Each structure stands twice: as C-alpha cells, then as structure tokens.
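Asker: Here are the chains, one letter per residue:
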Amino acid sequence: MCRDCGCSLGPAATRAPFAAQPAGKGHVESIEVITAILDENDRVAAHNRTHFDGHGVLAVNLMSSPGSGKTSLLEATIKALQGEIRIAVIEGDLATENDAARIRACGVPAIQITTGNACHLDAQMVHDALHSLPLDGIDVLFVENVGNLVCPASFDLGVHRNLTLLSVPEGDDKPAKYPVMFRAADLALITKIDLLPHIEEFSVERARDSLRQVGFRGDIIELTRRGGPGFEAWLGWLRSEIAARRAAAA
Amino acid sequence: MHELAICQALIEQVQRVARDNDARRVISVTVSVGPLSGVEPKLLEHAYPLAAAGTVAEHAQLVVETVPVRVRCRTCKAETEAASNRLVCGSCKDWHVDVIAGEEMLLQRVEIETAADPVH
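Sequence lines, in order, name chains B and S.
Residue numbers for the first sequence follow the working numbering, so the first one is 1 and each next one is one higher.
Residue numbers for the second sequence follow the working numbering, so the first one is 1 and each next one is one higher.
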C-alpha cells in the first residue's frame, strides 16, 4: 500500500512464474493481444502524474549523456531561484550518492535512486522514491535520469516535461546519432556554450538543424550555468511552466 | 541495454495471457517494434531467453516484426517512409511531417498449447 496516496501500488510486485509443461497433444491457439509492452510502466507513470497534479507540482525529467551538466544546471538553478521557487530532486545513477549530496548541499531535498546496473529510470522507481519525498510545499520536482542517450527515452516516468541536454564538447551531431532521445524532448538545452570559443567544430546552427531533422519541435535554449541571457531564458521557461501547472491545479 | 527490462515486462504480459487461457506452454510470442520506440530487435532477441527462463514461455519462439517509420506531410499530404534521424517528407522534403508509424512497441499475439480434450 502506498502510504502517501493510499494507492495499492507497492514496490514492484513480482508474481511467481509458472513453468512450461512439455509439448503435448493439446490444442494450439493463437491469441491476439495487441497491448503496449510497457503498459504496466505506463499505468504507474499515469499514477505518478496524478500524484504530482494532486500536489500542484510540476515534474520535469532531465536526460542527457553523462557529464553534459545536468547536476551543475540544477545547482545553479536552485541558487538562482532561492526564496522564489521550492525545488526537490530525484537523482538517478548506477551507483553513489554523489549527486544527491551535491543537491542537498544547496539546501533542497534530494532522493538518490541507485539503479545497480539498470541504464534508465522507470515509473516504478520514481514512484518508490516519492514515498520518501513529501511533495507538500514543493513547486517543481526535477528527476535527473541516468546519464545515457538511449535507454531513458523508452520509459514514461509520469512527468509533465522531458528535457534533453546537449553539451558543446559532445558535438553538434548527437541528435542525428540518438534520434529517439532528442525527439522525445519538450525542451532542448545546449549547455556549456562558454566553451564555444575553444571547440570550433561545434556549430549551434548544425545542432539546431540536427534537432529539427529528428522531429524535435520544442524550444532550444543555449546557455551556460554561469549566467547570461540563455540562463535567464531557461529560468523564464521554468517560471512559465510552473505558473501553467498552478493554473491547471487551481 | 534496457531490452532486458522490456523483455521482463513482456514476459509478465505473456504469463498473464497464458494463465487466462489455461496454457500448458507458450509456443510463440509475436511483437512489433518500430525504430522510434528506442528498442533494438537484435538485443530484444538476445535478452528474451534470460527473461523467459523458468516461465511458461521458456521455450517459446520470439517473433519480432519490425515496422518502418512512416510520415505524413502537412504540406503535400504524401505518406512516405523516412529514416529515424531524418523525419522529412520523402516526396517534397518538407520537415513539417507527422509520424504515423514507427513508434510501436506492442505485444501482438501469443500462440499457446492448451490441455488436450478429455477422452470421450
């Protein structure tokens, strides 16, 4: 039983498998099913979304390769919005509490999910983390996914918005190489643009074009966590999303 | 390699179908997968035996039907195939297109063997 919302979802329920019997002379039947393979994940994701909506919380999933600046962006965002917007963070990594510790050092609650060898977060992991993260008095919950440009794209977590970061050192052709991930995003952030003078092979125009070719239709913001107009645009995007979420909850 | 997690979800569903239909064993499992689902058919086939081990689907054959990406152009209305990293109209090259196929990750059908008829 889920303590927060009284739902019947516990930690992922596993039923005992039942074994196959040897081939016999029984009837052979073909049964048409046609369901989404991840329908159980989608059901839990919908439940998470209801949970967020019930608390008027905007939930945002951050996806990118490892090292593109997700945690640094969150640290800078928390500092910039201190006293204005109440933030909580769920951190996903294969191992270590490092990222959650960095976020807690900024004075906001953070839950670390360590996935072991799993390369992505799923809706059930987020749901379980919510049990140790009170959403009362929170405006926005960031879910920092496992650094990986492939696997996280296949799993709906129940968030309202998906963000993908592309850092300048990674190269401007990342969207063409990982189309599913970038297409799934509502907002793309080109990060570490303060490195542009040192990495002349990165073209912002080519990155934008690559995003458009894979079917990405959201806004693209170029920024560095050190501040400037791009960082202000990011804060503006966040403020307007939070306002829209509050209006929807009212 | 999230294909193992996907296979585990698949096997949960297959077991449910097998239970509901009094299956003795599962003969084959057919799924359809599009390139935009983020699932690699080859990896799915490798992961499947690990997820199926010890279940009613243990020796069942996994059949993966791949679905090509298709887009409908908002400008010229043509429906054409497209590459997953180049979602443009195959006819007029416009990028104002809607994806109409290629995102699928579906369990299509399960072939089972049920108990033989009682002898009359």
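No lab work stands behind these hints: they were computed from the structure.
From a predicted model like this one, the values you see are computed outputs, not experimental measurements.
Think of the CB as a built atom: it goes at the ideal place given N, C-alpha and C, for glycine as much as any other residue.
Treat the hints with caution; some may be incorrect.
Subject to a maximum C-alpha distance of 25 Å in a straight line, what follows is the list of computed BS3-like cross-link-like pairs (lysine-lysine) [to be verified]: (1) K79(B) to K42(S); (2) K93(S) to K77(S); (3) K93(S) to K177(B).
Here are a few chain B residues that face chain S, going by a calculated C-beta distance under 8 Å [to be verified]: (4) A36; (5) I37; (6) S65; (7) P66; (8) G67; (9) A95; (10) C106; (11) H120; (12) L133; (13) L135; (14) P179; (15) R212.
Asker: Now tell me if each hint is right for this structure.
Answerer: Evaluated hints:
Simply put, K79(B) and K42(S) have alpha-carbon atoms about 45 Å apart, too far for the 25 Å limit, and the pair is violated. At roughly 12 Å between alpha-carbon atoms, K93(S) and K77(S) fall within 25 Å of each other, so this suggested pair holds. Distance hint between K93(S) and K177(B) is fulfilled; the C-alpha atoms sit about 20 Å from each other, no more than 25 Å. Hint status for A36(B) relative to chain S: holds, with the closest Cβ pair at about 6 Å, below 8 Å.
Restraint check, I37(B) versus chain S: the minimum CB separation of about 5 Å is within 8 Å; hint holds. Among the interface hints, the one on S65(B) is violated; its C-beta lies about 15 Å from the nearest C-beta in chain S, farther than the 8 Å criterion. Among the interface hints, the one on P66(B) is violated; its C-beta lies about 16 Å from the nearest C-beta in chain S, farther than the 8 Å criterion. Residue-level restraint check for G67(B) is violated (minimum Cβ-Cβ distance to chain S is 20 Å; threshold 8 Å).
Below 8 Å, beta-carbon pairs count as interface contacts, and A95(B) has none with chain S, the closest being about 17 Å; its hint is therefore violated. Against a cut-off of 8 Å between C-beta atoms, the interface hint on C106(B) is violated, since the closest Cβ of chain S lies about 30 Å away. Of the supplied interface hints, the one on H120(B) holds, with its beta-carbon coming within about 5 Å of a beta-carbon of chain S, less than 8 Å. Hint status for L133(B): violated, given a least beta-carbon distance of 23 Å to chain S, over 8 Å.
Hint on L135(B) is violated. Least Cβ distance to chain S is approximately 26 Å, over the 8 Å limit. At a threshold of 8 Å, the smallest CB-CB gap from P179(B) to chain S is about 4 Å, leaving the interface hint in force. The beta carbon of R212(B) comes within 6 Å of a beta carbon in chain S, closer than 8 Å, and the hint placing it at the interface holds.
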